[in-house]
Amino acid sequence: MIVARKLTKRFGEVEALVNLNCNIPQGCIYGMVGANGAGKSTFLRLCNGVYQPDEGSVSINGGGVFDSPSVKEHCVFVPDELYFLPQSNMLRMAKLYEAMYPRFSWERFDDLTGTFRLDRTRTLNTFSKGMRRQVATILALSSMTDYVFFDETFDGLDPVMRNLVKSTLYDDVLERGCTAVITSHSLRELEDTCDQLALLYQGGVVFESDVQNLKTSLFKVQVAFSDEYDASRFDGLDILSFSKQGSVANMIVKGERDRSRALIAKMDPLLLEVLPLTLEEVFLYEMESLGYYFEEPKAKGGERA
Amino acid sequence: MKPYLESVRRLSRLGLILLVLTAVGGIVVAIQFCTAANQSTIPSLSDMFMPLTIYTFIGGIVLAFDGFSFLTKRADSDFYHSLPVSRRGLFWAVTLAALTWVAATVLTGVIFTTLIFTVSKTAFVPLYPLVAVPFYIIATMLVFAAAAIACSLTGTLITDIALTLIVLFLPRFIQFVIARGIVAQAGIVSWIDLPWYLTPVTNIATGQIVLFSREILRNQIYNWGNLVYSLLLAAAELFAACLLFRRRHSEIAEHGAKNVKMQTLFACLLVLPILMLLVSGVVNITGQSLLLIIAIALGCYLVYQIVVLRKTKRVLRSLPWFLIPGLMTICLYFGVQLAGDAMRNDVPLQQDVAYVEFPGSDRTEDTVSYASYLVSQIDFDEEDVIEYVLSTLRDNVESYNQYGYFNYDYYEYDSNENYYTSSEPVNIVLKNGRTIGRVVTFVNGAYLDSVRGENSEYVEAISSMPPEDSIRYCQNMDVYDENYSDGDQIRKAFYDEVASTDYVPYDAFRKAEYNRYDRYSRDEMQTFGSLRLQGYIGMVRYSDYYSICLEMPETCSVWMEVQNNTSSDEHLDLLQQICAASDNFLDEDDTINVTFSFYNIPMKDGSKQASSFYYSKYAYSDTSSSLDCSDLAAELVELLNRSTPTTDPNAFCIYTTWSGRAMGEDGVYIGADAMVYPNVATDSDLYASYGNMVLTSDGSTIYVGQHGSIYSYNPCYRSFTAVDEARVIQILNEWQERQKVWSYSYDETDDGNIIDENGLEDFDSSMPTPTPTPAG
Numbered sequence: 001m002i003v004a005r006k007l008t009k010r011f012g013e014v015e016a017l018v019n020l021n022c023n024i025p026q027g028c029i030y031g032m033v034g035a036n037g038a039g040k041s042t043f044l045r046l047c048n049g050v051y052q053p054d055e056g057s058v059s060i061n062g063g064g065v066f067d068s069p070s071v072k073e074h075c076v077f078v079p080d081e082l083y084f085l086p087q088s089n090m091l092r093m094a095k096l097y098e099a100m101y102p103r104f105s106w107e108r109f110d111d112l113t114g115t116f117r118l119d120r121t122r123t124l125n126t127f128s129k130g131m132r133r134q135v136a137t138i139l140a141l142s143s144m145t146d147y148v149f150f151d152e153t154f155d156g157l158d159p160v161m162r163n164l165v166k167s168t169l170y171d172d173v174l175e176r177g178c179t180a181v182i183t184s185h186s187l188r189e190l191e192d193t194c195d196q197l198a199l200l201y202q203g204g205v206v207f208e209s210d211v212q213n214l215k216t217s218l219f220k221v222q223v224a225f226s227d228e229y230d231a232s233r234f235d236g237l238d239i240l241s242f243s244k245q246g247s248v249a250n251m252i253v254k255g256e257r258d259r260s261r262a263l264i265a266k267m268d269p270l271l272l273e274v275l276p277l278t279l280e281e282v283f284l285y286e287m288e289s290l291g292y293y294f295e296e297p298k299a300k301g302g303e304r305a
Numbered sequence: 001m002k003p004y005l006e007s008v009r010r011l012s013r014l015g016l017i018l019l020v021l022t023a024v025g026g027i028v029v030a031i032q033f034c035t036a037a038n039q040s041t042i043p044s045l046s047d048m049f050m051p052l053t054i055y056t057f058i059g060g061i062v063l064a065f066d067g068f069s070f071l072t073k074r075a076d077s078d079f080y081h082s083l084p085v086s087r088r089g090l091f092w093a094v095t096l097a098a099l100t101w102v103a104a105t106v107l108t109g110v111i112f113t114t115l116i117f118t119v120s121k122t123a124f125v126p127l128y129p130l131v132a133v134p135f136y137i138i139a140t141m142l143v144f145a146a147a148a149i150a151c152s153l154t155g156t157l158i159t160d161i162a163l164t165l166i167v168l169f170l171p172r173f174i175q176f177v178i179a180r181g182i183v184a185q186a187g188i189v190s191w192i193d194l195p196w197y198l199t200p201v202t203n204i205a206t207g208q209i210v211l212f213s214r215e216i217l218r219n220q221i222y223n224w225g226n227l228v229y230s231l232l233l234a235a236a237e238l239f240a241a242c243l244l245f246r247r248r249h250s251e252i253a254e255h256g257a258k259n260v261k262m263q264t265l266f267a268c269l270l271v272l273p274i275l276m277l278l279v280s281g282v283v284n285i286t287g288q289s290l291l292l293i294i295a296i297a298l299g300c301y302l303v304y305q306i307v308v309l310r311k312t313k314r315v316l317r318s319l320p321w322f323l324i325p326g327l328m329t330i331c332l333y334f335g336v337q338l339a340g341d342a343m344r345n346d347v348p349l350q351q352d353v354a355y356v357e358f359p360g361s362d363r364t365e366d367t368v369s370y371a372s373y374l375v376s377q378i379d380f381d382e383e384d385v386i387e388y389v390l391s392t393l394r395d396n397v398e399s400y401n402q403y404g405y406f407n408y409d410y411y412e413y414d415s416n417e418n419y420y421t422s423s424e425p426v427n428i429v430l431k432n433g434r435t436i437g438r439v440v441t442f443v444n445g446a447y448l449d450s451v452r453g454e455n456s457e458y459v460e461a462i463s464s465m466p467p468e469d470s471i472r473y474c475q476n477m478d479v480y481d482e483n484y485s486d487g488d489q490i491r492k493a494f495y496d497e498v499a500s501t502d503y504v505p506y507d508a509f510r511k512a513e514y515n516r517y518d519r520y521s522r523d524e525m526q527t528f529g530s531l532r533l534q535g536y537i538g539m540v541r542y543s544d545y546y547s548i549c550l551e552m553p554e555t556c557s558v559w560m561e562v563q564n565n566t567s568s569d570e571h572l573d574l575l576q577q578i579c580a581a582s583d584n585f586l587d588e589d590d591t592i593n594v595t596f597s598f599y600n601i602p603m604k605d606g607s608k609q610a611s612s613f614y615y616s617k618y619a620y621s622d623t624s625s626s627l628d629c630s631d632l633a634a635e636l637v638e639l640l641n642r643s644t645p646t647t648d649p650n651a652f653c654i655y656t657t658w659s660g661r662a663m664g665e666d667g668v669y670i671g672a673d674a675m676v677y678p679n680v681a682t683d684s685d686l687y688a689s690y691g692n693m694v695l696t697s698d699g700s701t702i703y704v705g706q707h708g709s710i711y712s713y714n715p716c717y718r719s720f721t722a723v724d725e726a727r728v729i730q731i732l733n734e735w736q737e738r739q740k741v742w743s744y745s746y747d748e749t750d751d752g753n754i755i756d757e758n759g760l761e762d763f764d765s766s767m768p769t770p771t772p773t774p775a776g
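Top line first, the protein sequences correspond to chains L and Y.
The numbering used here applies: residue 1 is where the first sequence begins, and numbers increase by one.
The numbering used here applies: residue 1 is where the second sequence begins, and numbers increase by one.
It is worth saying that the hints were derived from the structure and are not from the lab.
Honestly, I wouldn't trust all of these hints.
Unchecked claim - When the alpha-carbon atoms are kept at most 27 Å apart in a straight line, the in silico DSSO-like pairs for lysine-lysine are as follows:
1. L:K95 x L:K129
2. L:K244 x L:K220
3. L:K220 x L:K254
4. Y:K311 x L:K95
5. Y:K73 x Y:K431
6. Y:K121 x Y:K604
7. Y:K492 x L:K129
8. Y:K604 x Y:K492
9. L:K95 x Y:K73
Construct all of the structure, not just a fragment, from the sequences and the given hints.
Here it is in C-alpha cells:
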C-alpha cells in the first residue's frame with residue numbers, strides 16, 4: 001500500500017504539492033488525473049524516491065521510499081521523458097534492468113517483446129516516440145515489481161497498443177497483485193483502465209474514488225411535473241445541480257440510482273429519465289460541489305473563451 | 001556488485017578511447033626517446049610517462065563528467081534516482097568504475113613504456129614504473145574527486161566545469177600565491193624550504209601543473225609523503241562528494257545551482273584568484289594596479305551574476321558579497337607580508353640546533369651530482385659548522401633587513417684571504433625536530449669547506465665516486481654501446497687514481513687555489529679532458545662531470561691514449577697545403593680556422609701552462625687590421641707534420657683542431673675527397689645539396705650559405721722532438737708579442753686596454769679545454 005501523509009514539495013517559491021494525503025491500496029490500477037502543473041509527476045517522483053519531500057512523508061508497504069533500495073526494488077517508474085542508455089538497444093537496456101531489479105524476468109521480456117513485435121537488437125534512437133514508450137513499458141513490466149508507476153505513458157500509444165498494455169496490466173494485477181499508478185491529464189485515457197481515480201488540483205488530491213462507484217453514484221435525472229415545482233420537492237435526494245426550463249428539470253443526483261428513481265416515481269412525474277454521466281461530468285460536478293471552480297480562460301478582444 | 005559492473009560497462013566507451021589514446025601516446029613518446037640519436041640521458045619520471053600527466057586531467061574530468069552525466073539532464077536524473085540503488089551505492093559504483101578504468105589505463109601506459117625501454121635497452125630508473133602506477137592513479141582520482149564534488153553540487157555542464165576548476169585549483173592557487181608572496185618577501189627562503197602545507201607539490205595533481213612554472217620543485221613531487229597525502233586528500237574529497245551526492249536535490253538537474261546564495265558563493269570564488277594577484281607579488285601594488293585589478297574582478301563578478309541570476313535586482317542585492325573576497329585578499333596580503341618577515345627573521349639560537357644539512361645547490365636541477373647527494377645525507381653537528389652557518393644566516397638577514405637584498409658590501413673582506421662566495425641551501429634541524437630551510441650566502445666559501453672538512457663523512461663523501469653498478473652512461477655512451485669500453489677505460493683509470501690518492505674528484509668541492517689573476521690552467525690544474533657519468537641510486541638520478549687534469553697523470557695518459565687510438569681525419573698534410581694557400585685564397589668562400597691547444601708550455605716564472613692559439617683567415621674578409629700570424633701558423637703546421645702522437649701528459653704537447661677549404665691552382669679544391677658537405681636541415685628536413693642555392697626535394701629553393709669543408713676535430717695529442725719543441729716555443733713567444741702589439745686579446749676591455757698589466761709575460765687568452773668524445 002502506498003500512503004502519503006501531508007506530503008509537501010516545493011521548487012523554490014513554487015509549491016508543487018501541499019499537504020497531499022492519499023492511500024493507494026495494493027492490487028489496483030490507480031489513476032491520477034489533473035491539469036498541467038497540478039503535481040502529478042511530482043507525486044510520482046516522490047513515490048519513487050527521485051525527490052525528497054520537504055514536509056510529510058510517502059511510504060510504500062510501511063517503509064519510506066527516499067534512498068531506500070529495499071523499498072525501491074518493489075517499484076519501477078516509467079517517466080514522461082524516457083531515458084535510455086546512449087546507442088543502446090532493448091537487449092542492452094534489459095541487461096541494465098536485470099542488474100538493478102532482482103526479479104527481472106527474461107521470460108516475460110521475451111514474451112512481451114514478441115507480443116509488441118519490437119526488434120530487440122535495433123538501436124532505440126531509431127524507434128518512434130510511441131515505440132519507445134512501448135519499450136519502456138515492456139522493461140517496466142518485465143521487472144516484476146509490486147508497484148508500477150506510469151507518468152502520462154499511455155498518452156502516446158495508439159488504441160491497439162493501449163489495449164495491449166491494459167490487458168497486460170490487468171494480468172499483472174490479477175495474478176501478482178501488482179499495483180499500477182497511472183497519471184494522465186485525460187480522463188478518457190484512464191476511464192477504461194483504472195479502477196481507482198483521484199483528481200489532483202493545485203498540489204492536492206481534491207477527489208478520490210472507485211471508478212465504478214463514481215459512474216454509478218452520480219447520474220442525471222430529467223423530470224417533468226404538471227404543476228409548479230422547485231428543488232425543494234426533492235429534499236430526500238442529494239442534488240448536486242438543479243436547473244429547470246419550463247416544466248422540465250435537469251438534476252445531477254448523487255446516491256443510489258434505483259432508490260432515487262423509486263423516490264421520484266412516487267411523486268408521479270410526467271417525465272422521468274435517469275441518464276448516466278461521463279466521468280468528466282462526474283468530476284466536474286463533484287468539484288463544484290466541493291467548491292472548486294476552474295477559471296475560465298481570459299478572452300482576447302473579440303475572441304470567445 | 002551489479003551496479004558497479006553496470007557502471008564499468010557504461011564508462012567503457014570513453015574509458016576505452018582514453019586507454020587506447022594514452023597507450024598509443026606512451027608508445028610513441030617512449031619510442032621517440034629510445035630511438036633518439038646520441039641518447040645519453042636517463043629520463044625523469046615525468047619525461048618517461050608524459051602522456052600520463054595529460055591523462056591525469058583529461059581522464060579524471062572526462063570519466064567524472066561521463067559517469068555523473070545523468071545529473072545534468074532531468075530524464076536521466078529521474079531514471080537513475082528511481083533505481084533501487086542507494087545513493088551511496090550509486091556514487092561508489094560510478095567512482096569505483098572510474099577507478100577501474102583509471103587503473104587499467106595507467107597500468108597499460110606504464111607497462112608499454114617500460115617494455116619499450118627494456119626491449120630497446122634504454123636506461124631508466126627501475127623504481128619509476130613502480131612509483132608511476134600509484135602516482136598517476138592517485139593524481140587522476142584527485143581530479144576525479146574534484147569533478148565529482150562539482151557534479152554533486154550543480155546541474156549543468158558549464159557550472160560543472162567551473163566548479164571543478166574551483167575545487168581543483170582554487171585552494172592550491174591560494175596556497176601558491178601565499179607561498180610566492182612569502183618567498184618574495186622573505187628573500188632567503190626557497191620554494192623547496194617552505195613547510196609542507198605551503199609546498200605546492202604535496203597535491204600531486206595540481207603539483208604537476210606547478211612544475212611548468214616552478215621547475216625547481218621537480219624533484220620534490222615524487223615522494224611517498226606526497227603520495228600518501230594526496231591519497232588521503234582524494235579519499236576525503238570522494239567522501240565529501242558522496243555526502244553531497246546523497247543530499248543532492250535531484251531537481252537541480254539542468255540548473256546551475258540550488259539557489260541564489262550558492263551562485264553568489266561561486267561568483268566570489270571565481271573572482272578570488274584575480275584579487276589574489278595582489279598578494280602574490282606578481283603585481284606591484286600601486287594605485288593604478290590596485291584599481292585595475294579591482295575593476296577586473298568586479299567586472300567578472302557582475303558578468304557572472306548577470307548570466308546566472310538573470311535579474312538585475314538579484315545582481316544588485318548580491319553586490320555587497322563582493323566585499324568578502326576583497327576582505328580576504330586584504331587579510332592575506334598583510335598576513336603574507338608578516339609571515340615573510342617572520343620567516344626571514346627566524347634565526348635559531350645555537351643551543352637549540354641539533355645539526356645542519358647541506359641539501360646541495362643542484363637540488364633544483366633535473367639531476368644532482370653524486371657527491372651532492374652524499375653530502376645531503378650528512379648531519380653536521382660540529383659546533384664550528386653550526387656556528388658559522390648561524391652567524392652567516394644572521395648576517396644575511398641583517399643585510400636583507402637593511403637593504404632589502406643581499407648586499408656584498410655589507411661584509412668586511414680580508415685582503416689576505418682568498419674569498420669565493422657560495423650560495424647554498426641549508427637545513428637547520430632543531431632539537432625539537434623542526435627544520436628551518438634557508439638559502440644562505442656564504443661570503444667565505446673556503447672557510448665553510450674547511451669547517452665541513454672536520455667531518456669525516458663529508459671528507460669521504462666528496463672523495464667518493466658513484467658505485468660502478470649504478471652507472472648507466474659513461475662518456476655519454478650507455479653500457480650497450482659498442483664503444484663503451486673506450487670510455488670505461490678512462491673511468492677505471494680515474495676510479496683507481498682517486499682511490500689511491502687524496503684527490504677530490506668534484507670540481508665544486510675541491511679546494512680551489514683561487515687567484516683572480518689566473519685565467520687559465522696552470523701546472524696540475526691543466527685539464528686534458530673530462531669524465532661524464534650518469535646513473536641512479538634508488539630514485540635519485542645523478543649526473544657528474546669530472547675534469548681530468550694533470551693532478552691525475554695516469555688518467556690523463558689513458559685519456560690521451562684513447563683519444564689517439566680513436567682519432568681520425570687529422571689531414572695534417574692538407575692543413576699544411578691550405579695554410580700555404582691562405583696567403584692568397586683563390587675562391588671567395590675559402591677559409592681556414594685552426595685551434596692550436598698546447599699543454600705544459602714552459603713559462604718564465606717556472607710554471608707550466610695550457611693555452612690555445614687561434615688562426616683564422618677568410619678570403620672575403622679584410623685582414624689589414626687583424627692579427628696576421630699566417631707565417632707563424634704555417635711554420636707551426638710544418639712542425640706539426642713532423643710531430644708524433646704522445647700519451648705523456650707531462651710533456652709539452654699539442655692538440656690541433658681545424659677546418660678549412662681552399663681552391664687549388666688547378667681549379668680543384670685541396671683535398672677534395674676529404675671535403676664534407678654537411679646536410680642542411682630545413683624546417684621539414686628536406687634533402688639539400690651543397691652550394692649557395694639549392695633545390696630541395698619538394699622543388700623549393702633555399703639559400704644554404706654553408707659550404708663543403710675539411711673538418712678535423714678528432715686529432716691525436718702530439719709531441720715534438722727537442723729541437724722542434726724549442727722552435728715551437730719561440731713561435732709562441734713571437735705570437736704573443738704580435739698579440740700585444742695589435743692588442744689582440746680575448747680579455748680586451750671596451751677601451752681597448754689589456755686588463756692584466758701584470759701578465760705581460762703571461763698569455764692573455766683563456767684556453768677552451770678540448771673535450772674530445774671518443775669516436776662512436
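Violating hint indices (sorted, rising): Of the numbered hints, 4, 5, 6, 7 and 8 do not hold.
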